[in-house]
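Colleague: One letter stands for each residue in the lines below.
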Amino acid sequence: MSGRSISVLLLTFLAGLALIPSAAAQGDLAVVVSPGNPIANVSLGDLRKLFNGEKRSWPGGMRVKLVVRAPGSRERIALLQFLNLSESDYKQYWTAQVVRGEADSEPFTAPSIGMVLEAVRVLPGAISLVYAGDLKPGVKVIKINGLLPGAPGYLLR
Amino acid sequence: MLRGSSAAVVFLVLTTSVWAQDSAPSDQKAIALLVEQVKALQQETSDLRDKVKKLEADRATASPAVPATETAAPQPSQVMAEAAPPESSPELAAAMHDLHGIQWRGFGELNYQGLDQRQPELGTYGFTPGSAANFYTGDFDLFLHSRLTEKTSVLADITFEEADAQSYKLDLRQALLQYEMNEHLKISFGRYQTGIGYYNSAYRSAAWLQTTADRPLIMEYASNGGLLPTQAVGVFLTGAIPSGKFGLNYIAEYGSSDTIRPDLNGSGTFDDENDGNHVLLGWFARPDWAPGLQLGGSFFHDKISDSEISLTDRFGQTILNSYVVYVGHGIESLNEVFLIRETQLATGFVSNMPAFYSQISRRWGRVRPFVRYQYINASDRNTIFNDVGLRAGPSFGARYDFNDYVAFKAQLDHTQRQGLPDLNGLHLQVAFTF
Chain A
2 MSGRSISVLL
12 LTFLAGLALI
22 PSAAAQGDLA
32 VVVSPGNPIA
42 NVSLGDLRKL
52 FNGEKRSWPG
62 GMRVKLVVRA
72 PGSRERIALL
82 QFLNLSESDY
92 KQYWTAQVVR
102 GEADSEPFTA
112 PSIGMVLEAV
122 RVLPGAISLV
132 YAGDLKPGVK
142 VIKINGLLPG
152 APGYLLR
Chain B
56 MLRGSSAAVV
66 FLVLTTSVWA
76 QDSAPSDQKA
86 IALLVEQVKA
96 LQQETSDLRD
106 KVKKLEADRA
116 TASPAVPATE
126 TAAPQPSQVM
136 AEAAPPESSP
146 ELAAAMHDLH
156 GIQWRGFGEL
166 NYQGLDQRQP
176 ELGTYGFTPG
186 SAANFYTGDF
196 DLFLHSRLTE
206 KTSVLADITF
216 EEADAQSYKL
226 DLRQALLQYE
236 MNEHLKISFG
246 RYQTGIGYYN
256 SAYRSAAWLQ
266 TTADRPLIME
276 YASNGGLLPT
286 QAVGVFLTGA
296 IPSGKFGLNY
306 IAEYGSSDTI
316 RPDLNGSGTF
326 DDENDGNHVL
336 LGWFARPDWA
346 PGLQLGGSFF
356 HDKISDSEIS
366 LTDRFGQTIL
376 NSYVVYVGHG
386 IESLNEVFLI
396 RETQLATGFV
406 SNMPAFYSQI
416 SRRWGRVRPF
426 VRYQYINASD
436 RNTIFNDVGL
446 RAGPSFGARY
456 DFNDYVAFKA
466 QLDHTQRQGL
476 PDLNGLHLQV
486 AFTF
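Protein sequences appear in the order of chains A and B. First residue of the first sequence: 2, per the working numbering; consecutive thereafter. First residue of the second sequence: 56, per the working numbering; consecutive thereafter.
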């Protein structure tokens, strides 16, 4: 095998490695939205407003539909840490949001990652948090403060 | 793909036929066998085409909002998935169905309360003041919310409130038709909780939502002795003000509150304030840089009467409020100040009534101990609030959450009253939601 062929093989191997999410990226929380959502980037402040129900519509008017994992899951724990709320406080908070008329209902709770991804895929305006290692086809990952999961300085871990 | 398959089949048949003709041109049996094979392949191709059409139709039904091209075309600024096979998820379909229709939420409570009073005092929600404590149910609330269209919804709060001798009165505390044009403008019509202060709009009439067993007196419903117009019928606007990281929002109301409040001194008399139409302008901010922090304030103005003197003697009523609230990391800190200013229009006599309350609590597991201090100081010369006087004092207690639906609260109250003996009270409550 010539030196040129070895170089080509090596480059192909390295390119393949680059396509596989790194361990760091897999541990990052990706913000996923429905594929038809034109949004590509949100600030961390706006992301908090989206997940606590203060921001109820996307630019363009489409309603935000929150999809969250069930209590006890690592995505749920990460969400609660992000919002600075305990599980009880989170439930109480959403009950109050509904009672005040600031939300139609509590966020849709999905018992599995598969259902989260399916819900985000089929519900226009849906948004959720998924660990990058669990990403599956059919959803769109958006940037947080201009960064995608795995990028240095990415804030959701 | 199917076209490619068909072409391959034709190519295979032709080449095979040519090969067959070259090798054994007279072998009719072989030709007949090949023809049979071609027919079988054509049938198989046709079946596959039907299956593909059916799958495409099913997929279009399952996800009408997601065109296939969107999931297939990668974009440089985002991680996009490859084509995903549709999953069958009846649970998801059921959950999505629940997002429509009427959403119900119920709240109930059971109370046990006692006061060591030696002078008459107002009793509400079924509580009978006296030397002996008693049980009562307070409010039983049914909240319902229904989304009519993408931008229109209906909200209602139907309350069954215990009155004297275990009778119950029905109160439609909220009935609102809401239209949300965008995040900057939401218009609501109907009966609403006024935007005076934080507490009134944050906790509505649900005891389960409150940390304490009762509302601060200044935020109590006017129909139960509260001093402010807590409810009104009219129209109000809310929305976000473009303000970057400051998270500013506005409130504007125009409505009729028509307040009738019982005297706190237990005399059995009622003040009909015969309100005009009020105007309220308010703001609040939830800054990005301090999640959980909310600052706000409001200005309220109306013209009212003192029915104990004369309905024709009108007063200008102005209520100023500001608050600082923090809810986060298990901490709840509510702090509100009020200035209620009554101006007798005929004489120009002005009476100012300051009030505030401060409440702090911290969650440790299922337990949330709390302390609250409240203060109201009505002038002796204020004819409208002459039953109030000076009232101040602390409340201590704790809330214990059995689970996400049931909580137990124990509260001790001490209230100093101007010219009257102090009041000490015990209030136990089981509050629940369903």
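Hint data in this document are derived by calculation from the structure and do not stem from the laboratory. In this text, a Cβ means the ideal position worked out from N, Cα and C, and glycines have one as well. The reader is advised that the hints may include incorrect statements.
Simulated DEER-style distance windows between Cβ atoms [claimed, not checked]:
{"hint": "1", "chain 1": "A", "residue 1": "Q82", "chain 2": "B", "residue 2": "F489", "range": "27 to 35 Å"}
{"hint": "2", "chain 1": "B", "residue 1": "F404", "chain 2": "A", "residue 2": "N146", "range": "20 to 28 Å"}
{"hint": "3", "chain 1": "A", "residue 1": "Q82", "chain 2": "B", "residue 2": "F404", "range": "50 to 58 Å"}
{"hint": "4", "chain 1": "B", "residue 1": "R417", "chain 2": "A", "residue 2": "Q82", "range": "27 to 35 Å"}
{"hint": "5", "chain 1": "B", "residue 1": "Y167", "chain 2": "A", "residue 2": "P138", "range": "34 to 42 Å"}
{"hint": "6", "chain 1": "A", "residue 1": "A71", "chain 2": "B", "residue 2": "G385", "range": "32 to 40 Å"}
Under the rule of at most 25 Å between Cα atoms (straight-line distance), these lysine to any residue pairs were calculated in the SDA-like manner [unchecked claim]:
{"hint": "7", "chain 1": "A", "residue 1": "K56", "chain 2": "B", "residue 2": "G371"}
{"hint": "8", "chain 1": "B", "residue 1": "K241", "chain 2": "B", "residue 2": "L197"}
{"hint": "9", "chain 1": "A", "residue 1": "K56", "chain 2": "B", "residue 2": "V379"}
{"hint": "10", "chain 1": "A", "residue 1": "K92", "chain 2": "B", "residue 2": "G385"}
{"hint": "11", "chain 1": "A", "residue 1": "K92", "chain 2": "A", "residue 2": "E76"}
{"hint": "12", "chain 1": "B", "residue 1": "K241", "chain 2": "A", "residue 2": "P108"}
{"hint": "13", "chain 1": "A", "residue 1": "K92", "chain 2": "B", "residue 2": "S201"}
{"hint": "14", "chain 1": "A", "residue 1": "K137", "chain 2": "A", "residue 2": "R158"}
{"hint": "15", "chain 1": "B", "residue 1": "K300", "chain 2": "A", "residue 2": "K137"}
{"hint": "16", "chain 1": "A", "residue 1": "K56", "chain 2": "B", "residue 2": "P317"}
{"hint": "17", "chain 1": "B", "residue 1": "K300", "chain 2": "A", "residue 2": "P60"}
{"hint": "18", "chain 1": "A", "residue 1": "K144", "chain 2": "B", "residue 2": "N237"}
{"hint": "19", "chain 1": "B", "residue 1": "K241", "chain 2": "B", "residue 2": "G385"}
{"hint": "20", "chain 1": "A", "residue 1": "K144", "chain 2": "B", "residue 2": "A295"}
{"hint": "21", "chain 1": "B", "residue 1": "K241", "chain 2": "B", "residue 2": "G323"}
Simulated coverage check for chain A against chain B, where a stretch passes if three residues somewhere in it have a Cβ under 8 Å from a Cβ of chain B [what the hints assert, rightly or not]:
{"hint": "22", "region": "51-62"}
{"hint": "23", "region": "76-87"}
{"hint": "24", "region": "100-107"}
Colleague: Each hint: holds or not?
Modeller: So, going through the hints one by one against the coordinates:
{"no.": "1", "hint": "A/Q82 with B/F489: 27 to 35 Å", "in the structure": "holds (29 Å)"}
{"no.": "2", "hint": "B/F404 with A/N146: 20 to 28 Å", "in the structure": "violated (58 Å)"}
{"no.": "3", "hint": "A/Q82 with B/F404: 50 to 58 Å", "in the structure": "holds (56 Å)"}
{"no.": "4", "hint": "B/R417 with A/Q82: 27 to 35 Å", "in the structure": "violated (18 Å)"}
{"no.": "5", "hint": "B/Y167 with A/P138: 34 to 42 Å", "in the structure": "violated (58 Å)"}
{"no.": "6", "hint": "A/A71 with B/G385: 32 to 40 Å", "in the structure": "violated (22 Å)"}
{"no.": "7", "hint": "A/K56 with B/G371", "in the structure": "violated (38 Å)"}
{"no.": "8", "hint": "B/K241 with B/L197", "in the structure": "holds (23 Å)"}
{"no.": "9", "hint": "A/K56 with B/V379", "in the structure": "holds (21 Å)"}
{"no.": "10", "hint": "A/K92 with B/G385", "in the structure": "holds (13 Å)"}
{"no.": "11", "hint": "A/K92 with A/E76", "in the structure": "holds (16 Å)"}
{"no.": "12", "hint": "B/K241 with A/P108", "in the structure": "holds (21 Å)"}
{"no.": "13", "hint": "A/K92 with B/S201", "in the structure": "holds (20 Å)"}
{"no.": "14", "hint": "A/K137 with A/R158", "in the structure": "holds (18 Å)"}
{"no.": "15", "hint": "B/K300 with A/K137", "in the structure": "violated (34 Å)"}
{"no.": "16", "hint": "A/K56 with B/P317", "in the structure": "violated (40 Å)"}
{"no.": "17", "hint": "B/K300 with A/P60", "in the structure": "holds (17 Å)"}
{"no.": "18", "hint": "A/K144 with B/N237", "in the structure": "holds (24 Å)"}
{"no.": "19", "hint": "B/K241 with B/G385", "in the structure": "violated (31 Å)"}
{"no.": "20", "hint": "A/K144 with B/A295", "in the structure": "holds (24 Å)"}
{"no.": "21", "hint": "B/K241 with B/G323", "in the structure": "violated (41 Å)"}
{"no.": "22", "hint": "51-62", "in the structure": "holds (count 5)"}
{"no.": "23", "hint": "76-87", "in the structure": "holds (count 4)"}
{"no.": "24", "hint": "100-107", "in the structure": "holds (count 5)"}
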